[in-house]
Amino acid sequence: MTNITSGPVIYVSFPGTAREALTFYSETFGGELSLHSYEDFNRTDGPGGAIAHGMLSGPVALAGSDAATGEKTVRMEGAMLSLLGTAIAGVLREWFEKLSEGGTVVDPLGEKPWGASDGQVIDRYGLHWLIGFEH
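Heads up: the sequence shown begins at 0 in numbering that gives the first Met the number 0, then just goes up one per residue.
Don't read these hints as lab results, they were simulated from the structure.
Each residue gets a CB set at the ideal place from its N, CA and C atoms; glycine is no exception.
You may find that some hints are simply not true.
To be verified - Listed next, with one range per pair, are the computed distances between beta-carbon atoms:
(1) P107 - H35: 31 to 41 angstroms
(2) R74 - E133: 28 to 38 angstroms
(3) L80 - K111: 11 to 21 angstroms
(4) D39 - D106: 33 to 43 angstroms
Turn these sequences into a full structure, and let the hints steer you where they fit.
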């Protein structure tokens with residue numbers, strides 16, 4: 000039987016930072032991280048130690064790799080990864096703080112006029128997050 004997820008999982012092409020980025024997300028969100036190098040897959044279209052496939056499974060699922068020679072890398076415009084209500088408020092606050100380290104806070108996490116709290120951050124690897132919770 001195959002492993003079935005509850006929905007789409009973003010797959011990010013990193014510019015040579017996949018190991019560092021996916022490890023950061025694993026440390027931020029928890030979960031299980033598996034990394035496979037180009038060498039592991041006998042690929043020759045990039046450095047042997049580069050990540051050919053990485054997968055984070057857990058409360059937040061992400062996948063990615065180092066872009067092969069000539070491939071485009073991540074650039075997010077007009078999209079956010081939404082974590083609205085996906086964990087208790089304290090956990091979401093902690094995730095926001097960790098994602099903010101070395102990143103750019105677009106909108107601070109705080110109470111909004113409609114009664115919920117949310118905020119936006121672009122992390123150090125270029126992913127744009129929307130994090131929030133109901134009171």
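Status of each hint after checking the structure:
1. P107 - H35: 31 to 41 angstroms: With a Cβ separation near 37 angstroms, P107 and H35 satisfy 31 to 41 angstroms, so the hint holds.
2. R74 - E133: 28 to 38 angstroms: 32 angstroms, holds
3. L80 - K111: 11 to 21 angstroms: 19 angstroms, holds
4. D39 - D106: 33 to 43 angstroms: 40 angstroms, holds
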